[in-house]
Each structure stands twice: as structure tokens, then as C-alpha cells.
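Taken in sequence, the protein lines are chains W and P. Numbering-wise (our numbering), the first sequence opens with residue 1 and increments by one. Numbering-wise (our numbering), the second sequence opens with residue 436 and increments by one.
In case anyone wonders, no lab produced these hints; they're calculated from the structure. One should not assume that every hint holds.
[To be verified] Here are the simulated DSSO-like pairs of lysine-lysine, each with C-alpha atoms no more than 27 Å apart in a straight line:
| id | chain 1 | residue 1 | chain 2 | residue 2 |
| --- | --- | --- | --- | --- |
| 1 | P | Lys681 | P | Lys629 |
| 2 | W | Lys325 | P | Lys485 |
| 3 | W | Lys6 | W | Lys19 |
| 4 | P | Lys493 | P | Lys605 |
| 5 | W | Lys290 | P | Lys629 |
| 6 | W | Lys319 | W | Lys394 |
[Claimed, not checked] Derived CB-CB ranges, DEER-like:
| id | chain 1 | residue 1 | chain 2 | residue 2 | range |
| --- | --- | --- | --- | --- | --- |
| 7 | W | Asp395 | P | Ser714 | 49 to 57 Å |
| 8 | P | Asp437 | W | Glu316 | 22 to 30 Å |
| 9 | W | Asp46 | P | Asp517 | 57 to 65 Å |
| 10 | W | Met1 | P | Asp517 | 53 to 61 Å |
| 11 | P | Thr482 | W | Ile317 | 28 to 36 Å |
| 12 | P | Leu710 | W | Ile317 | 42 to 50 Å |
| 13 | W | Ser364 | P | Val441 | 57 to 65 Å |
| 14 | W | Asn163 | P | Leu662 | 31 to 39 Å |
| 15 | W | Gly134 | P | Asp674 | 50 to 58 Å |
| 16 | P | Ala524 | W | Asn193 | 28 to 36 Å |
| 17 | W | Gly134 | P | Val713 | 47 to 55 Å |
| 18 | P | Thr482 | W | Glu115 | 55 to 63 Å |
Think of the CB as a built atom: it goes at the ideal place given N, C-alpha and C, for glycine as much as any other residue.
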Amino acid sequence: MITWIKGGELVDPRKGEKKKLDIVIKRGKIEGLLPPGEFNPTNDMDVKIIDASGMIITPGLIDMHVHFREPGEEYKETIATGSQAAATGGFTAVACMPNTSPINDSRSVTEFILERARKANLIRVYPVAAISMGSRSELLTEFGDLKQAGAVAVSDDGRPVTNSELMRRALEYAWFFNLPVISHCQDFDLSNNGVMHEGAISTQLGLQGIPAASEEIMVAREILLAKLTGYPVHIAHVSTEGSVKFIRQAKEEGIPVTAETAPHYFSLDHTAVIGFDTNAKMYPPLREPKDAEAIKRGLSEGVIDVIATDHAPHSEIEKDVEFDKAAFGIIGLETALPLTLALVREGVVDLSTAIAKLSYNPASILSIKGGTLEEGKEADLTIIDLNNEYVIEKDSFKSKSHNSPFIGQKMKGKAMLTMVGGRIVWESDEFNPRS
Amino acid sequence: MDQLSVSDINLILDTADSLMEISSRDIKKVPTLRGKSIVNFFYEPSTRTKASFEMAAKRLSADTLSLSATDSSMVKGETLIDTARNLQAMNPDIIIIRHSSSGAPHLLARYVDSGVINAGDGTHEHPTQALLDLFTIRKKKGRIKGLRVVIIGDIAHSRVARSDIIGLRKMGAEVTISGPPTMIPVDAESLGVKVVLDPAKALKNKDVIMMLRIQLERQKGILFPSLREYSIFFGLNQDLIKVAKKDVIIMHPGPINRGVEITGDLADGPFSVILDQVSNGVAIRMALLYLLIGGSKGDNLD
Ligand SMILES: [Zn+2]
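From just these sequences and the hints, can you work out the full model?
Structure, rendered in C-alpha cells:
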């Protein structure tokens with residue numbers, strides 16, 4: 001069978017262009033990218049036609065920072081429900097952080113995650129393994145074995161490496177296996193009991209603050225270690241003006257550092273906590289308007305390479321409690337695309353750059369498939385309606401959890417169809433391809 | 436305090452004034468709230484505030500039920516929301532809550548129909564303390580507007596300070612905060628106060644001094660090294676007070692650490708209005724119960 005997607009406009013960040021092209025897909029791969037009118041199937045061909053008129057078609061979106069909670073906390077999310085949420089949000093691939101229970105610090109956990117992903121059979125799920133055993137900052141995990149088992153990166157996300165010597169050795173050792181090292185930057189002593197950003201709002205609400213410096217100290221450390229070793233480091237979920245400044249400076253000096261931010265850091269600020277809304281509680285915390293502005297500048301100037309969600313599902317047990325007792329984290333897979341498209345409308349980044357940060361750039365950092373639409377490559381793609389408007393509803397999430405600060409907010413732009421390896425894994429009710 | 440308007444505050448203080456008289460009667464009880472039920476839900480230990488609310492409720496003839504953390508099922512892992520639903524099932528008129536988490540009364544209020552009074556939440560607010568402080572100042576000074584007030588101590592971790600600042604600013608007083616930099620909250624000026632770290636300078640020309648209790652359990656040798664040193668540099672003593680106005684009043688929410696934040700002779704001396712605060716506290720809480728139950732159900736005080 002052949003799938004023929006016609007009428008859409010292709011946005012391929014690798015080429016940086018927007019062009020009307022038909023896509024012909026055969027055996028899961030892109031067989032041809034043809035100017036409209038050039039593909040003329042004969043009557044004996046079995047062709048499924050998808051009419052993408054008025055839509056854009058992008059490489060399948062890739063989220064390099066999610067928490068799918070399996071193994072261990074399946075009541076919050078499973079690899080199957082997380083994959084469903086990802087597909088709905090337009091994502092064809094995700095990288096799963098290792099802070100599950102048990103922590104992904106061994107081949108058996110990595111293989112278990114891949115097995116679950118195979119069973120879910122929706123999107124590509126790439127495990128990220130821990131840097132240290134149990135993420136305890138003591139012993140390195142077996143990077144080589146984990147890589148062979150299928151891990152695409154290492155990170156002690158959620159429980160950052162406190163030992164600078166260990167972090168240095170991790171950068172060095174990971175290089176041998178071509179494993180990216182992802183750092184969750186948090187000085188635990190400085191942010192210890194904090195539950196929100198330290199500033200005027202934490203002072204007003206009487207909530208313990210997490211100073212921006214708690215993140216920035218570690219960003220500075222990772223940059224210095226990347227400089228010392230010459231090996232790359234990737235900074236997760238950048239949230240402050242100071243972090244953007246350090247990363248910009250490091251890039252100017254040629255230090256091998258890449259960085260990501262999450263949509264909430266450029267869409268919200270610490271005032272979202274007023275009223276003690278636990279869906280505005282995450283690490284790093286929502287910062288000040290000036291930080292959100294700096295994040296946008298960082299995105300527009302290429303200082304921040306990637307937009308990742310840090311999708312962190314929690315149930316009501318963790319969220320419907322006193323603010324200081326509530327768990328950190330929000331879900332993001334089903335809101336990331338419209339929030340990013342808002343930046344395009346604001347003029348912060350152009351469409352191709354926005355899509356690059358959601359596909360091509362994370363694919364290159366992790367050295368995984370996808371991120372571009374080319375003949376001969378896997379047909380991982382997303383069809384997006386840039387003009388679809390809707391309100392985020394609590395009950396509409398495919399994720400098992402609905403801890404989102406965006407509930408009730410108006411969004412514009414939606415994934416209408418998500419395709420992984422030529423197979424449709426999500427199709428909106430509002431999208432009716434004629435076949 | 437954040438939600439109260441100036442006229443709300445004036446109404447509460449005026450009501451307290453008229454109820455003050457009851458406390459001086461031989462039989463200190465009126466039937467105003469007969470048949471009304473009040474739950475005292477203290478999830479954090481408190482002798483004084485709890486006793487003050489109980490006394491206020493009794494003088495108005497309301498039925499009271501007291502729950503504390505140790506005898507409630509909170510210790511058995513019941514969530515605040517579960518507890519709230521259970522309390523709601525008893526259909527009380529008012530729930531008074533004291534809790535160690537900032538914002539806990541907000542959470543409770545979302546799940547109950549009765550009025551909720553915040554008797555202190557975490558390091559957020561302690562509105563009834565602020566109201567009784569305003570009441571005390573107004574009685575002693577005849578006004579609040581234009582007075583110069585200094586608050587000295589651990590401002591960052593004090594719900595009393597936060598509520599007092601909001602109340603005093605609303606009523607037109609000038610507020611200065613003072614203490615070691617480790618105890619001054621970030622962006623303190625956003626609260627509308629002046630920061631003068633050294634108490635010796637901060638006290639200058641002040642009409643009112645509010646001392647805060649040093650929470651021994653809070654500081655782990657990080658906010659300041661020792662009580663001895665604290666008392667030398669930040670404690671109130673006879674020498675320091677000389678720079679304040681001649682008719683200055685000294686306030687303290689209690690309980691006092693004598694010899695730490697304030698010397699014993701000052702606490703008991705002529706400038707001190709610390710015991711007036713305690714009796715005014717009962718009147719303020721009576722006023723609140725009266726206004727909340729007399730008013731529409733579902734009003735909250737925070
Ligand atoms: Zn993280």
C-alpha cells in the first residue's frame with residue numbers, strides 16, 4: 001500500500017524552508033517528495049490519500065525530556081498512556097528520564113521500558129539511563145552496557161549529581177560511548193526546602209523560595225566541566241535569565257554545551273502560584289517575567305536549542321494537598337505544540353526554527369532517527385492545523401494525569417495527525433482525510 | 436488580611452470595641468451565638484490562639500469542638516481534604532484552622548461550605564493576630580494612620596509580620612522592618628516596607644515597636660549563630676529603646692523568650708502593651724465570629 005499525503009505545506013527545519021509538496025510513503029519510508037501534480041497513481045495501485053490542504057506537515061515532533069512513570073508509578077502514567085498523550089500532542093518520539101522506581105540504572109530496566117514501548121506500539125520511546133547507580137552520585141552506571149541495551153543518553157534527572165568529580169568522569173566516560181549527558185541543574189542545599197521561585201511572590205505567599213542561583217550555580221559548574229574535559233553537556237529545563245547568560249557565553253567561547261527549556265518557562269511566571277495552585281509547582285519553578293523574556297531571547301538567538309516538555313504526571317493524591325506537600329511537576333505533551341506556536345505568532349522565532357527545536361535539534365543531540373523529512377527516511381511526521389482554536393479541558397487529556405496549569409486556557413494550533421513509520425498513531429476527529 | 440478592605444477592618448475593630456464591654460461584666464456571656472457550632476481545627480500546636488478563640492466562642496454562647504493534630508486522623512494519613520469533607524458533614528458554622536502549611540486554609544475553604552477563619556498558616560498569614568494588633572494600636576494611640584511602626588526579628592519566616600505589614604499599610608501606617616539580613620525576605624520592599632537592618636537605627640522616632648518571637652526550632656545555626664549573639668545585636672533593651680519616641684509602645688505576639696528578643700524588664704515595663712494584646716485578642720475574635728456568623732455563610736477570613 002502507498003500513502004499519499006497531498007495538498008500540505010512541508011516545513012523541514014533542516015532545509016529551513018516551507019514548500020508545497022506531496023509526500024508518497026511506501027513500506028514505512030518516505031518514497032518521494034513531489035511538487036503537487038507530479039504523483040499520478042495508476043488505477044491498479046492501492047493508494048490511501050490523506051488530504052492535508054491548509055495544513056503544515058513537519059517532521060514528527062521529538063520530546064527529549066518526559067517522565068512516563070513506568071516502572072513503579074503506573075497509577076500516574078504508563079508507557080502506553082504516555083505514548084498516547086505524546087501521539088495526540090504530535091510527538092512521534094520521546095526520551096524517558098530514568099527516575100522511575102526502580103531507577104533506570106541497569107540493562108534490565110532499560111530493556112523493560114523498551115519492551116513496554118513495543119507493546120504500546122505507538123511512538124518511539126528512547127530510554128535515558130541514570131548517570132550514577134540509584135542516582136546517588138556515588139558510582140557510575142555501566143554506560144556501555146546501557147547503551148547496548150538501548151539507552152540514548154544518561155542523566156540523573158530529578159536527583160542531580162552532587163559530586164563534581166563524578167560529573168567530570170561521567171562526561172569523559174560517556175564520550176567513549178557517544179552518550180549525551182543531560183544535567184538537571186539544582187544545588188540541593190540552596191534550594192532544599194523551597195517550593196517556588198524565591199522573589200516577591202514567595203515573600204507575599206510565605207512560601208519557601210528556590211533562588212535562581214540554585215540552578216545557575218550548577219549550570220556554571222556543568223559549563224566549566226565541559227570546558228575542562230572538552231566533552232559535551234546538555235542542560236535540561238533552563239528557567240532563568242542567568243542560566244541563559246552563562247550558556248550564551250559558553251557557546252560564544254566554543255564550549256560544547258546544548259540546552260533545552262520547557263513551554264511553561266516562556267508561557268507563565270511565578271504569579272501563577274498566587275492562590276496556591278499546586279499545578280504551578282514544578283522544578284525548576286516558574287520564574288519572573290524577566291526570566292521568561294530571557295528564555296524567549298535565548299530561543300530566538302539559538303542559545304536554547306530545544307523545547308522539551310518535562311512531562312511529569314502526578315495524580316490527585318500528590319497534587320490535591322497543601323502547596324508545600326504537593327509533588328513537583330506538570331504534564332506537557334498535549335500543550336507543548338500550541339504553546340510553542342504562540343511564540344511563532346509573537347515573532348520570537350519563525351515556524352521552521354520552532355519546529356527545529358521540537359524535532360531536528362533534539363534528534364541531533366540524541367543521535368536518533370527523525371527530525372527531517374527526506375526521501376528514504378522513516379515516515380515520522382506530524383500534520384498540524386495552525387489555526388485550530390480550542391480550550392484545554394481537564395477531561396480531555398490522554399495522559400493518565402491532568403496536572404496542567406493550562407486547563408481552561410485558549411490554545412491555537414493542533415496536531416491533526418501523527419504518523420510513525422508510515423502508520424497513523426493519532427488522528428483528530430476534526431481531521432477527515434479523504435481516502 | 437490581603438482580602439480585607441479598610442472598611443472591613445474598621446468594622447471589625449469597631450465591633451470589637453463594642454464587645455469589649457462584655458469581657459468586663461460580672462457574667463461574661465451573651466447568648467448571641469447560641470445554637471451555632473464552631474470547630475477549632477488546630478493542626479499545629481498552639482495554646483494561646485486556640486484558648487483565645489475558645490474563650491471568644493464561649494462568651495458568645497456558641498458550641499465549640501476542638502480537634503488537634505494528635506487526636507485527629509491527620510496523623511493516620513488522612514489528607515486535609517478528607518478531613519475537610521468529614522468536618523463539612525458535621526455542618527459547622529465556622530471552622531477555625533491553624534496549619535503548618537502556607538495556603539492550607541485556602542485549600543480547606545474550597546471543600547467546605549462553612550466560614551473559614553485562618554488562625555495562622557505556615558509562614559503565610561496570621562490575620563487575627565494582625566487585627567488584634569491594629570486594635571491594640573488604635574486603642575493606645577487613638578489612630579493608626581501616620582504612625583511609624585518597626586517590626587524586628589525573623590520577618591522572613593513570620594506569618595505575624597506578614598499580616599501585620601499588610602494590615603498596617605492598609606490602615607496608613609509607615610512600616611519599617613529590621614533584623615539580621617538572613618531573616619529579611621527577598622524583595623521585602625515589594626511588601627511596601629522600609630528595610631533598616633540595624634535595630635538601633637530602625638527604632639529611631641518610632642511610635643510602635645513590634646518584636647517577633649525567635650523560633651528556636653526554625654534556625655539550625657544557619658540564620659544566626661547563637662541566641663547569645665542574637666540578643667546582643669538584635670534584642671530589645673533599655674539602651675536601644677531610648678531612640679524611639681517617648682510614648683512608644685512595645686508589642687509582642689508571644690510567647691516571649693525573655694532575654695532573647697526582649698529583656699524581661701521591658702516586657703513587664705511601662706511601654707509594654709503585651710498583656711493588652713492578649714485581652715484584645717479575645718474581643719477581636721468575638722467580633723469576627725459575630726460578624727461571620729451574623730453575615731452570610733461561606734465568608735472566609737484570610
Ligand atoms: Zn529535571
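Next on the checklist: Range first: 47 to 55 Å. Now tell me if the beta carbons of Gly134/W and Val713/P are that far apart.
Outcome noted: The hinted range 47 to 55 Å holds for Gly134/W and Val713/P, with Cβ atoms some 53 Å apart.
Checklist entry - Cβ-Cβ distance between Thr482/P and Glu115/W: within 55 to 63 Å? => result 59 Å, holds
Checklist entry - Lys681/P and Lys629/P: Cα distance at most 27 Å? => result Status holds; Cα separation ~22 Å.
Checklist entry - Lys290/W and Lys629/P: Cα distance at most 27 Å? => result 24 Å, holds
Checklist entry - Does the Cβ pair Leu710/P, Ile317/W satisfy 42 to 50 Å? => result Check passed, 46 Å falls within 42 to 50 Å.
Next on the checklist: I want to verify a distance hint. Is the separation of the beta carbons of Ala524/P and Asn193/W within 28 to 36 Å?
Outcome noted: 34 Å, holds
Next on the checklist: For a C-alpha distance cap of 27 Å, please report whether Lys325/W and Lys485/P respect it.
Outcome noted: Measuring from Cα to Cα gives roughly 24 Å; hence the hint holds.
Next on the checklist: Assuming the hint says 28 to 36 Å, is it satisfied by the Cβ distance from Thr482/P to Ile317/W or not?
Outcome noted: 33 Å, holds
Next on the checklist: Can you tell me whether the CB distance of Ser364/W to Val441/P sits inside 57 to 65 Å?
Outcome noted: Cβ of Ser364/W to Cβ of Val441/P: about 60 Å, so the range 57 to 65 Å holds.
Item to check | Straight-line alpha-carbon gap Lys493/P to Lys605/P, limit 27 Å | outcome: 31 Å, violated
Item to check | Cβ distance range 53 to 61 Å for Met1/W and Asp517/P, holds or violated | outcome: 55 Å, holds
Checklist entry - That 57 to 65 Å hint for Asp46/W and Asp517/P (C-beta), does it hold up? => result 59 Å, holds
In the structure shown, a violation is registered for the earlier hint numbered 4 alone.
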